[in-house]
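Engineer: This is what each chain is made of:
Protein chains: 2
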Amino acid sequence: MSSKPFDIDDRLLADSHALHTWRHCQIRLNKNATIPWLLIIPETDLIEFCDLPAEHQLNITLLAQMMGQYMKDHLGVEKINFAAIGNVVQQLHIHVVGRHSADPLWPDVVWGNPLPEAGYSKAEIAQWQATLKTLAGDVA
Amino acid sequence: MSSKPFDIDDRLLADSHALHTWRHCQIRLNKNATIPWLLIIPETDLIEFCDLPAEHQLNITLLAQMMGQYMKDHLGVEKINFAAIGNVVQQLHIHVVGRHSADPLWPDVVWGNPLPEAGYSKAEIAQWQATLKTLAGDVA
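Going down the list, the protein sequences come from chains A and B. For the first sequence, position 29 (counting from the first letter as 1) is numbered 157 according to our numbering, and the numbering increases by one without interruption. For the second sequence, position 4 (counting from the first letter as 1) is numbered 132 according to our numbering, and the numbering increases by one without interruption.
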């Protein structure tokens, strides 16, 4: 971590909306609204999730747990896909994807499989921003 | 965790070789030898990685870090894919997959994409078993 401005890869920026910044993590929302798909981008030069310091890992999984529980409680999600892949964009970014047995890709993974086109409205993005602010604020 | 025998889903059993048991985790190797692909199956009824107790999460990521470093040091792997998905087999299993920019699926993910047929010999499986025993033994 450093105090200089943290640059997010252009491809991640292009594909997602900014939601919140929390404990040196940028939280973003995949622009495709078909499946609730959040990204956690820690401000680090490390590229592997498991190489992060333990405390940083636990911050991320605690936030991901709250994201997942929110999706299950409010969006009908049945299963969370939690993954750090990085084959295309090496910058570390952790996917927290809410899946449902009736979603268009089920049971396939979201990566590399085209989703029906669907975007979020400005109001929906603002709602996600408020939700993430609340979830992150609830983490002790 | 319980002291009763722990049952692994038949589909996981069918697709992977047993390597080692460590701290209430079953460590297995995907049978396809094209890409080094390990599974960590914690002995738990929870289905979400982020719902595990913190100590259990950190045990798993520490082991995954050692697996990943081994793959990078000895198998030419460039990137680790660390993922808990569970859309097909709900029983919690964490994938630790060693990827290389010259492997047949790169940069696509391994899930849902067919790999060329390739198996491990008995000697290779025994080598993996010895490797995992060493790696797990090295975790303080």
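Worth flagging that the hints you see were computed from the coordinates, not collected in a lab. On a predicted model such as this, the values are computed, not experimentally measured, just so you know. Each residue gets a CB set at the ideal place from its N, CA and C atoms; glycine is no exception. There may be inaccurate statements among the hints.
Computed list of chain B residues with no C-beta within reach of chain A, every gap over 12 Å [as the list claims (entries may be wrong)]: (1) Ala146; (2) Ala182; (3) Leu203; (4) Lys207; (5) Asn215; (6) Arg227.
Where chain B lies over chain A, by a calculated footprint (3+ residues, C-beta under 8 Å) [claimed, not checked]: (7) 191-203; (8) 210-218; (9) 234-247.
Engineer: Does each hint hold? Answer for all of them.
Structural biologist: A quick look at each hint next to the structure:
no.	hint	in the structure
1	Ala146	22 Å, holds
2	Ala182	5 Å, violated
3	Leu203	15 Å, holds
4	Lys207	6 Å, violated
5	Asn215	4 Å, violated
6	Arg227	6 Å, violated
7	191-203	holds (count 3)
8	210-218	holds (count 8)
9	234-247	holds (count 7)
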